[in-house]
Structure formats: structure tokens, C-alpha cells
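Generate the whole structure from the sequences, applying the supplied hints.
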Amino acid sequence: MSIEQVDRLVDVAALERLRQSIIEKRNPFQLRLRICNGTGCLASGADEVTAAFEAELTRRGLSAEINLVKSGCHGFCEKGPLVVVEPQETFYQRVKPEHVPAIVAATLDGKIVEELLYVDPATGERILHEQEVPFYRGQTRLVFGSNGTIDPTQIEDYIAIGGYSALAKALTQMSTAEIIDEVKRSGLRGRGGGGFPTGVKWESCRRADGDIKYVVCNADEGDPGAYMDRSLLEGTPHAVLEGMIIGAHAIGAHEGYIYVRNEYPLAVSNARRAIEQAMAYGLLGKDILGSGFDFKVSINRGGGAFVCGESSALMASLEGQVGEPRAKYVHTVEKGLWDRPTCLNNVETWANVPLIINRGADWYNQIGTEKSKGTKIFSLVGKVNNTGLVEVPMGIPLRDIIFDIGGGILDGKKFKAVQTGGPSGGFIPESLLHLPVDFDRLTEAGSMMGSGAMIVMDEGTCMVNMAKFFIDFLEEESCGKCVPCREGIDRMGEVLERITTGKGRMEDLELLEALADTLRLGSLCALGSTAANPVLTSLRYFRDEYIAHVVDKKCPAGECQALIQYSIISEKCTGCMVCVRECPSHAVTGKRREPAVIDLAVCSKCGVCYDVCRFDAVKRA
Amino acid sequence: MAAEMDSEKVQGILERHSERVNAIIDGYEGRKDLMISLLQDVQAEFNYVPRDAMVQISQRLDVPLSQVFSIATFFKAFNLTPRGRHLITVCDGTACHVRGGLRLIDKLDRDLGLTPGGTTEDGRFTLETVRCLGACALGPLMVIDGKYHGQMSSNKLDRTLRSYT
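Sequence lines, in order, name chains U and C.
Using the numbering used here, you'd call the opening residue of the first sequence number 1 and step up by one each time.
Using the numbering used here, you'd call the opening residue of the second sequence number 1 and step up by one each time.
In silico lysine-lysine, DSBU-like type, Cα no more than 35 angstroms apart, as pairs: (1) Lys147/C with Lys296/U; (2) Lys156/C with Lys554/U; (3) Lys619/U with Lys156/C; (4) Lys70/U with Lys111/U; (5) Lys76/C with Lys605/U; (6) Lys156/C with Lys591/U.
Just so you know, the hints here were simulated from the structure itself, not pulled from any lab data.
Structure follows, in C-alpha cells:
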């Protein structure tokens, strides 16, 4: 059905009639091939796989019998491209175009392509269904659940699974005060990092003076390592929109903005399409579902600045200004965009709203811990076996996420730390892996929930070097308005550079702590005031490693180039000559079938020999 | 004589540029608040933000040139110098960093003399680094002209670059 042809839904009954007609038209026994077209799978070649399926179905004349669905992200990006066959729900992973004819043939015969099934590394057994895979088994997928099952470019898919029923309920069965009260009682807290109670924010914005108010969706996911907002906006854009419409209605706003990173082209186009479809059905625009409520949403592409995740900087950028934060003696809920009351929530927060309205605060606040309710989506990345997006109830221990869902550390190495909260967060060592994911408990440990990046590090990761990585990031991203942030981060970078190159002094550790204090006290926004967290937590939990750099001039993890040496372990070297050929500095010499030798005077320590050796014969220490 | 022809030619190019910029500005109906999107469209058209385009935007939207310039330099997305034929973006977000993203950058420097922000002498490649592209499961990640190349290694890099001339 093309967008132009649809009838506007004049009331809630019309929405329900439409829902019924969509469901009735669908055959539950229909063969459907769901191909993940999220960014992760696309990067692994999902577009070629999709094209191969289209060609194969055309070749067999089956385009009408078997439906192809390009779904959003399933979360298990490590194993992409992912394909699910309905109605049997057979789950295929790492599908390549050459597998396509076999999948189609097996599907028609009611058979299974065994070699494309996921193999449980623990038991060696092949697993048939997605939800039985250990990666998914430990998850609670409330917000992210439909992401991999519907076509994000079809509003009808979303309506068929109950979409916009929360909006219908909010518009017709609840007063605005009741909506706000429901969200308050649910205990929902902002998923963008701050963890501020959403209902309280809505209430303040509702009460703020002014006829014109705005709601804004923050999709400027600048936190490196986090991509749940991207995947949600790509895969379930209508849930985000539905949340925004409900919020706008409760607050009394008639205009909304989605501020999205320009680096997320698929999220931009899927959100844009979702808005057009919702407009066509009258779920956005004038007199939504006959309720008399008007609301429109536009999309604004960000320019790529981490600081624009901060509310006042984001709003300045929306106004077409440079994204610098301002002092917030007056909050943005009172004076935000164009100095008018503005309610800013993150993508994931908005997507939680329809669930709360539909199923009620009492259901929602059963999930999670005392002060952190509901579920949270994390991006589990780094040196972990099962990378991808995971949605878990608040309160689950970090260990369960990394070892049960994540399947432990890559290549059987030893866990060292997990970094949560991005550049504003900190490192959490093994001794604290029992910590539950909970806003307050993570903050107590010196880190924070942040937007949900969880970067796993193994014994080969140098914590001083990682702290420097985050400081370098923040040095680039500091907007430069506050001197302590602009200059302080620079100085911290210099000190860390000294330490990682073996020129550090013991006083440097105290100097870092003193600079951290200055940053915390003297910066207007959270970028500056939390910038020192990675340094502080690495000092707190991995001080020995700093001391090794300063006193022994050694990098125990073997990562800091100035402090390591490469050498060949003669007993292991087979004389295959690969390192001799690959060394860009010609520092490795040797003859065939004789151990190679590295000339340290010539070696540039680039590590190529270490990377190319297949016999673990290159030592880095 | 030759210099005259050159300047005529340059004039012609500039006029055509100016028409394209005007067409983009027209699409925004004078809305100053959409400056960032406007500059993004200009960059998409020319592959960088030319100085003349900024002057034109400033005049047509009645915004001080200093303000247009400050936006174009504040946000990471904008380049004020022309880029090479192919844009290589290497992710140096945390997840890619942990998995060795820097090795790719080192290798590009070693092999092609290409440093972040720079362009090869033959105009073949421009290298940019980005802090996270949101495909962390595939780190280290590299994007060439919008196409994602996941789980990159030094060996794979050579093969991948060969197809871009």
C-alpha cells in the first residue's frame, strides 16, 4: 500500500479496524524470510544476501509465495548477516550469498541447512531457534523485542503488533495528569546517561510558563561504543515516535524534533519515512485520531560534536548555532529551545513510554531494582565473544552480562576490566563484577550507567593507555568554553603521554587527581565535570599499572609502544619468513627454516610481525 | 592571453558553483536554524565546504560570515578543503580502538603516507578518523565511500584498497 492511498484514521475505532484488517490479511503460515538489515549486518554483507534472495525467488518464480522482510537489528551483530525463516523461526547466522539457494530449497522442502545454525560453544550442539541461543536466552527484550521481527519501513507492521494502541489509550482514556503520573510511578529514568526521572521532567515542563513548548528526541549518540539508539531508531522508529507523541500530549507541546547524528544515514531515512507514514494515517499532524491534539515532528541532523549530547548544547545546535552549553541556573524544561520550555529525552527513553502506558506503571516497576526500573539496552563490545546489543532487566550483575550472555572473553584470555558510561564513565575491575546494573551502584563505583556502552577489556589492554584514549577523545570534543575543561584535559593528556612513554614521575599521579578535582568543580556541563572519571577509576583500581609505567618503565599489558620490545622465541619460530617479508622497517632478518632475528636498533615497534605470526613466536614485553 | 582564458574558465566554474549553492539554499526557505543541515548538503554536493559557498550563505541568509565559519569549524562533519576521490574513514571509537583500530591508521601512514585529515598526493584517498560508527561488533571497522569493511586487518587492508583507483 503506498502512502498516498491510505485513509486518515479519524478515531481510535478506525485504528482498531485498520489493525484487524492488517492482521486478517496476514497468513500465519506464510513463509517469510526475515533478513537483518541493521547497520551491523549490512556491514557484513546483508545487502548482497538480500539481493541474492530476491534473485533466487525471482528465478524460481516464488516472489509471491515467499515474503522477504528487511528487518531492523536483531542485536547479535557478531554473527551477521542473520536470517530467520518463518513460521518455523529457523535461525541462520553468518549467511553469505552462496548459501541462499540452499536455504530457499531447504525451506521449500521443510528442511534445515544444518551448517548455518548457531553452534553453542559450551555444548557443541546446533541451535535451531534464535531465543534458545545463549546470547538471547539471558535477555529480557521488551523495548528491543520487535526490532528484528518487523519491517521498519512499513507502519502496517508496527500497527499489526499493537503499535499506536498506547497513543490511542493516552489520548482517549487518560488525562494528561494521569499520563504523567503513570510515567512517574513507573520509575522510568533517562536512558541517555543522566538517569533523571522522566515523569518528573515531564511534569516540570508541563508546569513551566509558556504557550509554545517543544519535545526533543536525542539521537545524537556520541558515546563511542554505544549504538542502541541507532538500532532502535533504525529498527523500530514508530515506537520512538509513539512515545514522543504521548509525551508531547502530556506536556502540551505541538512541535517536536529528532536530533540525529549525520553518521547514521539509515536511522535518518527510516525515521523520516516513519514520520511521513504516521502523517498519512493521521497519527501525526492535525487532530490526531480525532482527539483535537495537533503535533508535528521534524528531523534535524547533527554536525558531529560529542558535547551536543548535553541538553543546552543540543538545543543551541538545533537553533543553528554553535553547540556550546550554557549555565543551567534555569533548566531547559523552563527555557530551552528558542527560550521556550523544552523536554529532551533520549531515543531509548521515548521507546519505553508506549510500554508503560499500555501495560501500566505497576507492571513496569516490578522490573529492576529499587531505584532503577525497567530494562536497559547495552552494547556489549570489545574483547568479548558475543558482541552485540543486549537488553537486560536492571539489577542483573555485570558478570552475567559479560560471561553468560557475552560468552566470556575472546580467545580464552583473562578478563581485566569493563568500561561503562563512555568517556564520562569509568573502568570496573574484576573484583566488582558482582555489581548490578543500577544507576546509583555504578556511580558509587566511580563509573556510571551512561547511555549503555559496555566495553570489555582483557589482559592485553593497558589501562593507562585506555585512560589516555578517553582523555584524547575529550580533548578533541571539549567545546572550549570553560577554561578548566579546555586546558585541564589538555594537561591531563600531557601527563598521560609522559607516563605512557616512560617519562612519568610518581608526583604525576597526584597531579592527575588534582586536575580531576579542578575539572569537576570548574566546568559548566557534564562533559568537563565527568571527564576525569576514566583516569580516576583507572588510578583507583589499576594503580599498580601506573606504578609499573613510572617506576619500572614497563607496560605490563604490552601496549605502550615506547615501553615494549619485540623479540623472536627461537624454539617456536619455524622460519616461515612471513615476518621477514612483512616487516616495513626491514628489521626482521632470517633464512628459511631458521629462527628469525629482530634488530632492535631498526625496529619501529609497529607490531606487524606479532600480528602476522601464526606460531605465537613473536614475544611482546 | 593564456592567463585570461584561465580566469574566464575559473569564472565559469565559480558561476556554476554559485548556482548549485543557490539551489541548495532555496530548499531551506531562508531558515537560519537549519544552517547545519544546509552546510551538510553543500558538503555532500562539493565534497567539502568551499569558501565561496560560505560567503553566499552568509549573504543570502543575512547571517554574519563569522557565524557560518564558526559552525563550519566547530562541528566535525565539515571539511574546508577538497577531499580525495575516495574517502577512507577509520573508526577509532573505544570498541575499535580496543581491537586494534590504530594499527590500520599506522599502516595507512606507512604505506601511503596518509595521516588523519590528509589526502594522498595523487588525490586518490582522504583519510578521516571517526569516534564510533555504531557497528562496534565488527571492529576494527573501516568505511570507504560509505561501504563498511568490518573486522579489518593489515592484510585485508591491502586487498580492500586495491579495488579503489
